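Chemist: Using the sequences and the hints, build the whole thing.
There are 2 protein chains.
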Amino acid sequence: MENSSRVYLYDTTLRDGAQTQGVDFSAADKAKIARELDALGIDYIEGGWPGANPTDDTFFADPPKMTRSRLTAFGMTRRAGRSAANDPGLNALLAHPSLGAVTMVGKSWDFQVTVALGVELDENLRMIGESVAHLKPRVPEVMYDAEHFFDGYKRNPEYALKALRAAYDNGARWMVLCDTNGGSLPEDITRIVGEVVAAGIPGSHLGIHCHNDSENAVANSLAAVRAGVRQVQGTINGLGERCGNANLISIIPNLMLKMGFETNIAAADLKNLVRVSRALDEVLDRTPNRSQPYVGRSAFAHKGGLHVSAVAKDPSCYEHIDPALVGNARQIVVSDQAGRSNMVARMTDLGIEMEAVSRESLVRVVEQMQVSFDPREVTDLVDLVKRLEHEGYAYDTATASFELLVRRALGQVKRYFTLDRYRVIDERRRNAIGQWVTLSEATIKVEVGGSEYMEVGEGDGPVHAFDTALRKVLTGAYPQLAALELADYRVRIVESTAGTGARTRVTIESTDGKGNRWTTVGVHTNVLEASLEALQDSIAYMLYRFGEG
Amino acid sequence: MENSSRVYLYDTTLRDGAQTQGVDFSAADKAKIARELDALGIDYIEGGWPGANPTDDTFFADPPKMTRSRLTAFGMTRRAGRSAANDPGLNALLAHPSLGAVTMVGKSWDFQVTVALGVELDENLRMIGESVAHLKPRVPEVMYDAEHFFDGYKRNPEYALKALRAAYDNGARWMVLCDTNGGSLPEDITRIVGEVVAAGIPGSHLGIHCHNDSENAVANSLAAVRAGVRQVQGTINGLGERCGNANLISIIPNLMLKMGFETNIAAADLKNLVRVSRALDEVLDRTPNRSQPYVGRSAFAHKGGLHVSAVAKDPSCYEHIDPALVGNARQIVVSDQAGRSNMVARMTDLGIEMEAVSRESLVRVVEQMQVSFDPREVTDLVDLVKRLEHEGYAYDTATASFELLVRRALGQVKRYFTLDRYRVIDERRRNAIGQWVTLSEATIKVEVGGSEYMEVGEGDGPVHAFDTALRKVLTGAYPQLAALELADYRVRIVESTAGTGARTRVTIESTDGKGNRWTTVGVHTNVLEASLEALQDSIAYMLYRFGEG
Chain A
1 MENSSRVYLY DTTLRDGAQT QGVDFSAADK AKIARELDAL GIDYIEGGWP
51 GANPTDDTFF ADPPKMTRSR LTAFGMTRRA GRSAANDPGL NALLAHPSLG
101 AVTMVGKSWD FQVTVALGVE LDENLRMIGE SVAHLKPRVP EVMYDAEHFF
151 DGYKRNPEYA LKALRAAYDN GARWMVLCDT NGGSLPEDIT RIVGEVVAAG
201 IPGSHLGIHC HNDSENAVAN SLAAVRAGVR QVQGTINGLG ERCGNANLIS
251 IIPNLMLKMG FETNIAAADL KNLVRVSRAL DEVLDRTPNR SQPYVGRSAF
301 AHKGGLHVSA VAKDPSCYEH IDPALVGNAR QIVVSDQAGR SNMVARMTDL
351 GIEMEAVSRE SLVRVVEQMQ VSFDPREVTD LVDLVKRLEH EGYAYDTATA
401 SFELLVRRAL GQVKRYFTLD RYRVIDERRR NAIGQWVTLS EATIKVEVGG
451 SEYMEVGEGD GPVHAFDTAL RKVLTGAYPQ LAALELADYR VRIVESTAGT
501 GARTRVTIES TDGKGNRWTT VGVHTNVLEA SLEALQDSIA YMLYRFGEG
Chain B
1 MENSSRVYLY DTTLRDGAQT QGVDFSAADK AKIARELDAL GIDYIEGGWP
51 GANPTDDTFF ADPPKMTRSR LTAFGMTRRA GRSAANDPGL NALLAHPSLG
101 AVTMVGKSWD FQVTVALGVE LDENLRMIGE SVAHLKPRVP EVMYDAEHFF
151 DGYKRNPEYA LKALRAAYDN GARWMVLCDT NGGSLPEDIT RIVGEVVAAG
201 IPGSHLGIHC HNDSENAVAN SLAAVRAGVR QVQGTINGLG ERCGNANLIS
251 IIPNLMLKMG FETNIAAADL KNLVRVSRAL DEVLDRTPNR SQPYVGRSAF
301 AHKGGLHVSA VAKDPSCYEH IDPALVGNAR QIVVSDQAGR SNMVARMTDL
351 GIEMEAVSRE SLVRVVEQMQ VSFDPREVTD LVDLVKRLEH EGYAYDTATA
401 SFELLVRRAL GQVKRYFTLD RYRVIDERRR NAIGQWVTLS EATIKVEVGG
451 SEYMEVGEGD GPVHAFDTAL RKVLTGAYPQ LAALELADYR VRIVESTAGT
501 GARTRVTIES TDGKGNRWTT VGVHTNVLEA SLEALQDSIA YMLYRFGEG
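Heads up: the protein sequence lines correspond to chains A and B, in order.
Using UniProt numbering, you'd call the opening residue of the first sequence number 1 and step up by one each time.
Using UniProt numbering, you'd call the opening residue of the second sequence number 1 and step up by one each time.
Be aware that one or more of the hints could be misleading.
Identical chains share a label here; the pair holds if one copy fits it or two copies do between them.
In silico EDC-like pairs for lysine to aspartate or glutamate, Cα to Cα no more than 20 Å straight-line [said to hold, decoys possible]: (1) K313 x D110; (2) K154 x D512; (3) K414 x E360; (4) K414 x E319; (5) K154 x E319; (6) K386 x D29; (7) K154 x D322; (8) K313 x E353; (9) K32 x E120; (10) K313 x E120; (11) K445 x E262; (12) K445 x E455; (13) K472 x D420; (14) K445 x E458; (15) K154 x E195; (16) K162 x D29.
Hints are computed from structural coordinates only; laboratory data are not their basis.
All values derive from a computational prediction rather than experimental measurement.
Modeler: Now the structure itself:
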């Protein structure tokens with residue numbers, strides 16, 4: 001007896017997700033992501049298409065060891081006019097004995113069969129049936145991926161069902177219904193899945209594969225499960241061609257926390273969702289989407305003053321789930337819009353009373369910064385943050401710079417060092433054998449612990465040269481700075497219309513090699529000055545927050 | 001007799017969207033967006049909350065003139081224990097005679113009434129009814145925004161309905177059902193809207209307001225319309241607190257192109273959707289989301305080789321709608337993953353045969369670039385693009401740099417200028433009155449039309465100084481370069497773990513003040529070199545593509 005509330009999860013980040021514009025996984029990237037998915041408890045991990053490209057061959061030649069998942073290979077049904085046994089594509093799928101399952105894509109839309117493939121309709125059905133029959137005894141599980149199923153069914157339901165039946169009758173474990181073009185709406189999915197089940201293909205053998213072209217991929221996937229389907233395909237963070245695939249990171253908690261379904265993931269392990277989502281962003285070197293449902297850093301952020309005071313009274317007032325269930329956390333946002341109650345909440349997190357920060361102390365701190373307003377006009381912390389955000393600072397992300405601002409006003413942050421003057425020279429010229437060489441050299445004057453130091457450093461580019469020189473000075477007094485690494489360095493123009501002469505904001509994310517990460521910000525009309533401000537804040541924050549030695 | 005297929009659109013980008021982390025509209029920003037929405041044909045534009053903050057007061061004091069939309073103000077029902085006539089909040093809403101409608105938020109969830117507001121349940125109903133009754137004769141339309149309606153209805157349907165009825169019985173034109181916490185699923189919406197209609201509040205007087213916390217905001221909005229609701233609220237691009245509001249840019253084409261509903265937007269005007277979407281990104285200085293349904297630059301991009309050859313045969317094979325309907329366009333992507341057939345398609349767009357580009361010509365072009373592989377190893381264009389993407393180049397976006405690469409191989413692009421050596425000095429020191437000043441100065445040697453020029457320029461930061469010097473040289477020969485503007489300048493580290501010493505990619509978006517935009521890319525371990533490569537490509541592309549004089 002099957003457990004009718006058990007839904008099987010199938011991840012195709014490494015195959016369909018790899019189709020995304022700008023994405024190019026290496027075999028090592030794929031192995032890293034597969035290990036995350038295995039640890040999470042995804043049932044099937046589609047690793048790629050053996051024989052289609054060198055990366056996928058490398059990946060399948062030495063696949064990561066799976067503990068909870070079935071590693072799955074993707075391929076195509078046999079070609080027209082060829083026997084399944086002699087099809088090189090099918091044989092490539094059989095070359096990897098460690099596979100847990102094989103998925104073969106085939107056509108179910110008559111128009112596609114005749115126009116895109118140029119194949120007789122009956123031959124296409126034989127291609128499906130014979131391919132499944134050939135693989136069935138040779139691999140643990142065979143699936144049929146019914147490309148364009150919904151578009152095909154809308155035009156010719158009879159033929160689309162015949163294609164499914166060719167796979168089902170030959171023993172395919174799953175028939176996967178694909179909304180390949182992503183244009184279907186939930187009512188289409190509900191109706192068509194219902195008709196497929198009524199036609200005799202049980203939901204326990206049906207999968208759903210949606211794309212997000214109408215912004216309904218998650219809803220369509222859930223609608224299919226409601227209609228009886230028991231395998232859901234998707235990708236981490238909805239990665240995928242065009243508008244993306246269905247986002248498993250949203251589907252999983254919707255199924256488990258809201259709809260009462262079970263998966264291979266224990267409820268307690270849902271807290272790994274944030275980690276898995278971030279792991280993909282790391283591999284792709286992408287900035288995580290702050291507003292991503294469930295796992296985004298803003299997903300449980302409260303900014304509006306009205307909301308914030310209500311959340312303080314009872315979180316369920318403004319949160320659809322407890323953020324801890326998916327590994328996320330509540331966030332109170334510092335911003336102009338927020339008003340005083342948010343700022344109070346943020347300060348409470350820092351353990352600081354608003355009243356402790358005097359106007360005079362803020363004026364003193366701002367006098368050290370290079371801002372375009374008169375520091376003496378500042379009335380209080382809310383007013384100051386508003387003014388600095390107007391200058392281009394963004395404390396929503398650069399929480400370390402915000403904390404430094406407040407703690408400097410309170411006199412809690414030492415002046416670890418003071419940068420005096422500097423000169424950075426970037427030069428390109430030909431070397432003795434006629435090759436172009438570019439080198440940056442920074443000369444800086446810095447005061448540390450009452451003594452003045454001049455130092456020079458070289459590097460790739462002005463910021464790097466400056467960083468080299470500064471660390472030469474500082475690691476004497478603060479040896480732990482040797483472990484400081486800049487994990488990300490982003491530059492953007494704050495007023496986008498004025499080009500390189502406009503004001504730029506530099507955001508630096510730093511790590512200390514011990515798992516700590518912090519973000520700092522600098523703003524200036526000069527991109528180098530902005531970089532140096534963010535860099536100096538990063539160093540100061542590391543020394544303040546994680547101790548001087 | 002009402003037209004039952006007419007759906008009213010209500011945009012709240014300027015009010016609820018303004019709650020988004022990192023968003024801070026000025027009154028001028030608001031006016032600009034409102035004009036776009038009015039031109040599109042949105043029925044109601046919620047401009048903000050008069051009396052809540054200085055920006056909204058400025059906006060409503062001198063609102064943009066509406067031609068097709070009703071400018072709407074947001075506010076709150078009267079406070080407890082006060083008469084509607086003497087409530088300062090309500091009076092603030094009446095202070096603006098040009099308003100087309102007023103929306104008042106109130107509570108419908110008993111728990112919120114007693115816990116968040118601390119008000120008697122009956123008094124809350126009187127607050128709703130009396131506020132509507134007071135405003136009804138004084139403004140053209142009154143709406144009741146039923147905050148937390150779905151969460152409230154799930155716990156206490158009777159009370160939630162009473163709140164709606166208090167508004168309806170007193171003449172509110174619309175009762176807006178809000179899924180404030182964004183956690184509802186489509187089946188919840190379908191069931192509850194059905195019950196509300198069955199309880200006697202007609203769908204022609206009901207609105208829906210969804211948030212995207214379960215990634216179902218669009219589906220939930222559509223489900224509500226299916227269940228009878230005839231007003232849909234949302235924001236441009238789904239802007240909004242936490243995970244965003246329902247995205248009108250997806251909802252509108254779903255309603256009109258797929259579900260057969262009518263709005264105030266003519267079918268032919270749907271092609272403005274891309275423009276409206278981009279207009280908001282411009283105001284927010286955000287990079288448009290490439291994978292946004294309908295309007296993203298990748299929404300109709302084809303990368304997988306299999307797809308591309310099918311699209312060439314018949315676009316409906318892989319496109320859910322004709323991209324031109326919403327003002328978008330098909331895109332064939334150049335990338336490693338794509339294989340040969342995509343490259344062929346992209347080259348066809350450029351009007352160039354693959355075979356025309358010889359191996360030798362590619363080697364010659366690459367010898368001019370600073371790459372880490374041996375140019376002589378390059379076998380063909382597909383191989384070269386793959387190698388360059390491995391270096392960090394990203395031609396998915398930088399299509400101008402890709403075109404230059406190919407046309408340079410074909411000898412179609414003149415050497416407009418050749419940069420020889422340069423030296424850039426950034427210096428910070430105190431001026432005569434003790435203030436810090438930072439200045440960058442670039443000295444460059446450039447060959448133009450057989451003559452060598454040395455020039456010096458200063459600017460804010462090294463790239464700006466360099467740009468100044470280079471343009472001083474070039475505008476003599478190419479005066480049209482005076483119109484070149486850098487619209488965006490983005491920097492990112494390609495290998496994120498190695499900090500400022502890692503390889504950096506610089507992407508520059510340029511405009512010529514005549515509506516043309518193009519994107520170029522540079523990659524180098526030195527951020528300045530990468531910037532200069534992208535900058536030189538930008539200049540060369542402008543001269544090649546838009547003429548030399």
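Chemist: Evaluate K162 and D29 at a C-alpha cut-off of 20 Å and name the case that applies: within, between, both or neither.
Modeler: Answer is neither; intra-copy 39 Å and inter-copy 56 Å both fail.
Chemist: Could you figure out if K414 and E360 sit no more than 20 Å apart (CA to CA) within one copy, between two copies, both or neither?
Modeler: within (18 Å within a copy, 61 Å between copies)
Chemist: If the cutoff is 20 Å on CA atoms, where do K154 and D322 land: within, between, both or neither? Let me know, please.
Modeler: This pair counts as between: shortest inter-copy Cα distance 18 Å, intra-copy 41 Å.
Chemist: One pair to classify: K154 and E195, alpha carbons no more than 20 Å apart. Within, between, both, or neither?
Modeler: within (11 Å within a copy, 31 Å between copies)
Chemist: I want to check one pair: K414 and E319. Are their C-alpha atoms no more than 20 Å apart within a copy, between two copies, both, or neither?
Modeler: neither (39 Å within a copy, 60 Å between copies)
Chemist: At 20 Å max between alpha carbons, let me know whether K445 reaches E262 within a copy, between copies, both or neither.
Modeler: neither (62 Å within a copy, 68 Å between copies)
Chemist: For the identical chains here, do K313 and E120 meet the 20 Å Cα criterion within one copy, between copies, both, or neither?
Modeler: between (67 Å within a copy, 17 Å between copies)
Chemist: Which holds for K313 with E353 at a C-alpha limit of 20 Å: within a copy, between copies, both or neither?
Modeler: Within. Shortest intra-copy distance 19 Å satisfies the 20 Å Cα cut-off; inter-copy 67 Å does not.
Chemist: Taking 20 Å as the upper bound on the Cα-Cα distance, should K386 and D29 be classified as within, between, both, or neither?
Modeler: Answer is between: at 17 Å across copies they meet the 20 Å cutoff, but 42 Å inside does not.
Chemist: For the identical chains here, do K445 and E458 meet the 20 Å Cα criterion within one copy, between copies, both, or neither?
Modeler: within (15 Å within a copy, 23 Å between copies)
Chemist: Please sort K445 with E455 into within, between, both or neither, judging by C-alpha distance up to 20 Å.
Modeler: within (7 Å within a copy, 30 Å between copies)
Chemist: Within, between, both or neither: how does the pair K472, D420 come out at a Cα-Cα threshold of 20 Å?
Modeler: Answer is within: at 15 Å inside a copy they meet the 20 Å cutoff, but 32 Å across does not.
Consistency with the previously given hints fails for numbers 2, 4, 9, 11 and 16, ordered from lowest to highest.
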